[in-house]
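2 protein chains.
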Amino acid sequence: MSARGTLLLTGATGFIGRPLAARLAARGWRVVGTTARAVPAEVPGIAAMERADLTDAASARALIARVRPNALVHAAWTTTPGRFWADPANLAWLEGGIALLDAFGAAGGERAVGLGTCAEYEAGAERLDEATTPLRPATLYGAAKAALFHAGTAAAMAHGVSFAWARVFTPYGADEPEGKLVGSVARALLAGRPVETTQGTQLRDFLHVEDVAEAIAALVDGGVEGPVNVGSGEAVSLRDVIARISALTGGGERVAFGARPRPPHDPDSMVAAVERLTREVGFRPAIPLDEGLARTIAALASRMRHEQTEPEEARP
Amino acid sequence: MSARGTLLLTGATGFIGRPLAARLAARGWRVVGTTARAVPAEVPGIAAMERADLTDAASARALIARVRPNALVHAAWTTTPGRFWADPANLAWLEGGIALLDAFGAAGGERAVGLGTCAEYEAGAERLDEATTPLRPATLYGAAKAALFHAGTAAAMAHGVSFAWARVFTPYGADEPEGKLVGSVARALLAGRPVETTQGTQLRDFLHVEDVAEAIAALVDGGVEGPVNVGSGEAVSLRDVIARISALTGGGERVAFGARPRPPHDPDSMVAAVERLTREVGFRPAIPLDEGLARTIAALASRMRHEQTEPEEARP
Numbered sequence: 001m002s003a004r005g006t007l008l009l010t011g012a013t014g015f016i017g018r019p020l021a022a023r024l025a026a027r028g029w030r031v032v033g034t035t036a037r038a039v040p041a042e043v044p045g046i047a048a049m050e051r052a053d054l055t056d057a058a059s060a061r062a063l064i065a066r067v068r069p070n071a072l073v074h075a076a077w078t079t080t081p082g083r084f085w086a087d088p089a090n091l092a093w094l095e096g097g098i099a100l101l102d103a104f105g106a107a108g109g110e111r112a113v114g115l116g117t118c119a120e121y122e123a124g125a126e127r128l129d130e131a132t133t134p135l136r137p138a139t140l141y142g143a144a145k146a147a148l149f150h151a152g153t154a155a156a157m158a159h160g161v162s163f164a165w166a167r168v169f170t171p172y173g174a175d176e177p178e179g180k181l182v183g184s185v186a187r188a189l190l191a192g193r194p195v196e197t198t199q200g201t202q203l204r205d206f207l208h209v210e211d212v213a214e215a216i217a218a219l220v221d222g223g224v225e226g227p228v229n230v231g232s233g234e235a236v237s238l239r240d241v242i243a244r245i246s247a248l249t250g251g252g253e254r255v256a257f258g259a260r261p262r263p264p265h266d267p268d269s270m271v272a273a274v275e276r277l278t279r280e281v282g283f284r285p286a287i288p289l290d291e292g293l294a295r296t297i298a299a300l301a302s303r304m305r306h307e308q309t310e311p312e313e314a315r316p
Numbered sequence: 001m002s003a004r005g006t007l008l009l010t011g012a013t014g015f016i017g018r019p020l021a022a023r024l025a026a027r028g029w030r031v032v033g034t035t036a037r038a039v040p041a042e043v044p045g046i047a048a049m050e051r052a053d054l055t056d057a058a059s060a061r062a063l064i065a066r067v068r069p070n071a072l073v074h075a076a077w078t079t080t081p082g083r084f085w086a087d088p089a090n091l092a093w094l095e096g097g098i099a100l101l102d103a104f105g106a107a108g109g110e111r112a113v114g115l116g117t118c119a120e121y122e123a124g125a126e127r128l129d130e131a132t133t134p135l136r137p138a139t140l141y142g143a144a145k146a147a148l149f150h151a152g153t154a155a156a157m158a159h160g161v162s163f164a165w166a167r168v169f170t171p172y173g174a175d176e177p178e179g180k181l182v183g184s185v186a187r188a189l190l191a192g193r194p195v196e197t198t199q200g201t202q203l204r205d206f207l208h209v210e211d212v213a214e215a216i217a218a219l220v221d222g223g224v225e226g227p228v229n230v231g232s233g234e235a236v237s238l239r240d241v242i243a244r245i246s247a248l249t250g251g252g253e254r255v256a257f258g259a260r261p262r263p264p265h266d267p268d269s270m271v272a273a274v275e276r277l278t279r280e281v282g283f284r285p286a287i288p289l290d291e292g293l294a295r296t297i298a299a300l301a302s303r304m305r306h307e308q309t310e311p312e313e314a315r316p
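Chains A and B are the protein sequences, given in the same order. The opening position of the first sequence corresponds to residue 1 in UniProt numbering, with each subsequent residue numbered one higher. The opening position of the second sequence corresponds to residue 1 in UniProt numbering, with each subsequent residue numbered one higher.
Honestly, the hints are just simulated from the structure, not real lab data. Check before you lean on any hint, since a few could be wrong.
[To be verified] Computed far set for chain B versus chain A, every beta-carbon distance over 12 angstroms: (1) 47; (2) 65; (3) 202; (4) 235; (5) 248; (6) 275; (7) 279; (8) 302; (9) 307.
[Said to hold, decoys possible] Partner residues aside, some chain A positions facing chain B, computed with beta carbon under 7 angstroms: (10) 91; (11) 95; (12) 140; (13) 144; (14) 147; (15) 154; (16) 157.
[Stated by the list, open to error] Here are the computed distance ranges between Cβ atoms for each label pair: (17) 81/B <-> 282/A: 40 to 46 angstroms; (18) 39/A <-> 47/B: 51 to 57 angstroms; (19) 279/A <-> 83/B: 36 to 42 angstroms; (20) 81/B <-> 131/A: 31 to 37 angstroms.
All C-beta atoms in this analysis are idealised placements derived from N, C-alpha and C, irrespective of residue type, glycine included.
Please take these sequences and the hints and turn them into a complete structure.
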């Protein structure tokens, strides 16, 4: 065991989990990861990988009994592209998450951080603030995450656990789940395909996933409790982001703005108040949006060249 | 089956459940109650009583499969006097409640109402408002209830259930749980015992339990969705309430205000904004505070006379 103790990271092969594992390991934690995959991928920083179905309460409790972690970061959740907003599986993830947090505290765990979402908040023109913006999720996904926030708070009170809840805004990066904006626009433009988008007036708060991972790692170690927004604090329109991707890929003339309608429950603005993250956690983003987009596009372009020259079954 | 269909009322032998059963039956529902008691009490309005452990998810799901209700009012919860604020059992009630609401929707249930609490809110000087006051429970009890509110919302979205959440403020009545203010002060003064209280400057929102039951029954039938405060909307200090009880029992000189310290997490003010209840549900209290206190004291006095003349085992 490392000097820091054992940290259980659920969803360790996921979009945020993977870079987070490396950063937690670099901070001295012995990181035990979980994955639902039959054949777990190699994840840098992971000392051991546990296979677990965290939609099942008994399985979640058994996992804690096996690993006996000192700290817990619960990053696993349903992220099925296009489906997760309204997926009834959110309820099973909620039930499993409550069991996980309860068992962690009951077994003497000390510090837990859960991954929440800006979709818990009532969307509005103002920056969304942990202390003053009401939680009024418009989606099943947001409601289940808000429920786990309060349930985690309750479990922490029951067992004397130090508990924080990272409300992640709009993370992006080359490994982001299929169907997310940056990756899908960049891939299409790199492949020479046309892109149909909404008018793109929606304001969002983008943060490169490496910065998201660093913010969460700093939150784990800093000991701040309660909800903490994880975002850049900068409002950027989707149109602006798409235009930057176009400029970086040289595919601007193939973007048809306004060709697609806005999806239901698509808020005008989701931008983080980042005072807690900045002042209390002490985190500031290291990767500006242009740099993060350039990195993402370079990684995707390299991967696409690789895909074209490798047989299908060799893809990661 | 009645014309309205079957309504499952959990906690039917409880302080709010009992008067609620009668009112729901009077509105045409076939009311199936649940109780955790081995020998269920007779409850007016209940067509059938089911014994169920609703802290157990499998037991909650089995209950829904047996009863197949059209509507659900989830009033059962841990209310152990003096303990429920910090009782880890709140987590088991949360887990069981999620299973109950999920199974209800999955089985084709149409209308569900859960019982919440003013303790979900961040306390403050303003009236606590469903739309604008953040949820920031200071207690394990409040956090678990806030979690079930969001979880119930998620389950309702998953299954197309119409879902409302009644945030009850300070109900009172002769059957209130042991240790609550009105009953304990009234019993002591009626028995000629001294009463030691805090300074009593705290503002609360008292509503007689018969009015609480009527408000919830109207909410069930009215179809309003989301959180609805159930209170009078009138701020009354505890000192004022105690003074009124003293006047009604003639025991004023035996009240020592300030003899006890304020408990931790005891907010200065918990008063409901009642616009939703008044305008959308169409409920107005029928029992003013003085009348409700007089009724409560008369019922307690009668019960105490009865207790003095009956052997111990004959008590209800």
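Satisfaction of the hinted span 40 to 46 angstroms by the C-beta atoms belonging to residue 81/B and residue 282/A: Hint holds: Cβ distance 44 angstroms, inside 40 to 46 angstroms.
Hint check: 7 angstroms Cβ-Cβ cutoff, residue 157/A to chain B: holds, 4 angstroms
Interface hint for residue 91/A, Cβ within 7 angstroms of any Cβ on chain B: holds, 5 angstroms
Separation of residue 279/B from chain A, once the least beta-carbon distance is taken, above 12 angstroms: With a cut-off of 12 angstroms, residue 279/B remains clear of chain A, as the shortest Cβ separation is near 19 angstroms.
Status of the residue 144/A interface restraint (C-beta, 7 angstroms, chain B): holds, 4 angstroms
Cβ distance range 36 to 42 angstroms for residue 279/A and residue 83/B, holds or violated: Between residue 279/A and residue 83/B, where Cβ atoms are some 38 angstroms apart, the hint holds.
Verdict on residue 202/B as a residue remote from chain A, using beta-carbon distances over 12 angstroms: Answer for residue 202/B: holds, closest chain A Cβ roughly 22 angstroms.
Outside-interface status for residue 47/B - nearest CB in chain A farther than 12 angstroms: With a cut-off of 12 angstroms, residue 47/B remains clear of chain A, as the shortest Cβ separation is near 30 angstroms.
Residue 302/B and chain A, when compared Cβ to Cβ, separated by more than 12 angstroms: At roughly 40 angstroms from the nearest Cβ of chain A, residue 302/B sits farther out than 12 angstroms, so the non-interface label holds.
Minimum beta-carbon distance criterion (7 angstroms), residue 147/A to chain B: holds, 4 angstroms
Check on residue 307/B being off the interface with chain A, judged by Cβ distance over 12 angstroms: holds, 36 angstroms
Residue hint residue 95/A, partner chain B, criterion CB-CB below 7 angstroms: Residue 95/A check passes; min Cβ-Cβ to chain B is 6 angstroms, inside 7 angstroms.
Going down the numbered hints, you'll see the structure goes against none, and every one checks out.
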